[in-house]
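Student: For the record, the sequence lines run as chains E and F. Its first residue numbered 1, the first sequence is counted upward by one per residue in my numbering. Its first residue numbered 1, the second sequence is counted upward by one per residue in my numbering.
These are calculated hints, taken from the structure and not from any lab test. Misleading hints may appear alongside valid ones.
Some chain F residues close to chain E (C-beta under 10 Å, calculated; not the full set) [what the hints assert, rightly or not]:
(1) Met14
(2) Ser83
(3) Gly89
(4) Ser94
(5) Ala116
Residues of chain E clear of chain F, computed beta-carbon distances all greater than 10 Å [stated by the list, open to error]:
(6) Ser21
(7) Leu77
(8) Ala98
The C-beta atom is built at its ideal place from N, Cα and C for all residues, glycine as well.
Okay, here's what each chain looks like letter by letter:
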Amino acid sequence: MWTAVIVSALGCYLLKLAGLSVPSTVLDRPVVRRIADLIPVALLGALVAVQTFSTVQDLTVDARLAGVGAGFVALLLKAPFLVVVAVAAVATALLRLATG
Amino acid sequence: MPRLADTPARRELMVDSLGVGVATGAYGASFGAIAVTSGFSVWQTCALSLLVFTGASQFALVGVVASGGAPLSGAVTALMLGSRNTLYGLKVASLLRVRGVRRLVSAQLLIDESTAMTLKPADRRDAPLGFFTTGIAVFVLWNLATAVGALAGDVIGDPATYGLDAAVPAAFLALVWPQLTNLNARMTALAAAALALVLVPSARPGVPVIAAAGVALVSGVLASRRSRPADPARCKTGGER
């Protein structure tokens with residue numbers, strides 16, 4: 001088990017460091033810059049979808065969708081970050097409570 | 001170090017960053033509890049949060065072990081999920097411009113949340129403030145909460161009861177929100193989400209999200225073809241905000 005902990009720790013750290021260590025001359029090229037701008041958008045967008053609709057390797061629709069939907073409405077109403085997160089959690093918890 | 005909260009914009013950025021830390025930290029307690037009930041010791045659980053420090057990878061490792069998988073196979077899944085931090089680094093590096101020891105420290109703080117808060121400020125000189133405030137807040141609270149969760153174990157119960165499993169995607173939605181100001185960014189986020197969902201049933205955990213980076217690649221190249229910036233020295237790109 002410790003081996004897995006250490007492999008994960010070392011590997012994940014080196015992956016982070018690699019990204020920060022790309023020379024700035026490469027990053028200043030317009031195409032690279034545009035792609036680098038869009039990568040967080042794509043990854044965060046994908047994370048939202050995967051964490052809302054999937055359970056390990058299955059696609060499911062459950063109370064999480066209502067919670068994220070409520071968070072979406074809160075964002076449209078320009079709610080601050082913590083409110084959005086709290087609204088999502090409370091909506092999901094209440095729906096689960098109501099539907100048993 | 002970045003200047004502290006000397007303007008309203010910087011103060012708001014710090015409050016938001018601490019908010020991200022609190023929300024993410026709360027989820028750390030459930031990580032601690034899940035890891036211990038999955039067969040990790042309290043020390044191993046705390047080591048994961050201190051040293052791996054990237055939530056999705058930690059949950060993946062613990063999840064694989066909990067479902068009876070080999071620990072090393074869990075580590076491979078964790079690395080696949082962790083590789084998105086490399087991609088974040090490409091963007092964050094140009095805003096932080098850190099070298100030497102500061103780069104070594106910054107690397108450990110490079111996660112979803114700190115990346116999003118680096119990109120949030122309208123004034124890019126505030127980017128380091130967003131990165132370090134969020135990174136340090138999440139690091140401290142995530143590790144404290146992990147220890148509490150690991151020691152409390154079963155007492156906390158299933159995080160789904162409190163809707164925390166929906167709080168995480170909602171937090172990511174709130175984090176990506178400020179960047180969805182133009183059509184190109186919105187289309188990229190939607191296409192990436194769709195591609196990831198299509199891949200979920202067939203691909204290993206972690207692969208769908210990484211594959212979604214391909215959407216950014218295609219979208220970035222297409223956008224560059226459509227409009228070449230007139231002033232390459234500034235080149236305020238379409239996707240920036």
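Student: Mind listing which of the numbered hints don't hold for this structure, in increasing order?
Tutor: Per hint list: 1 and 6 violated.
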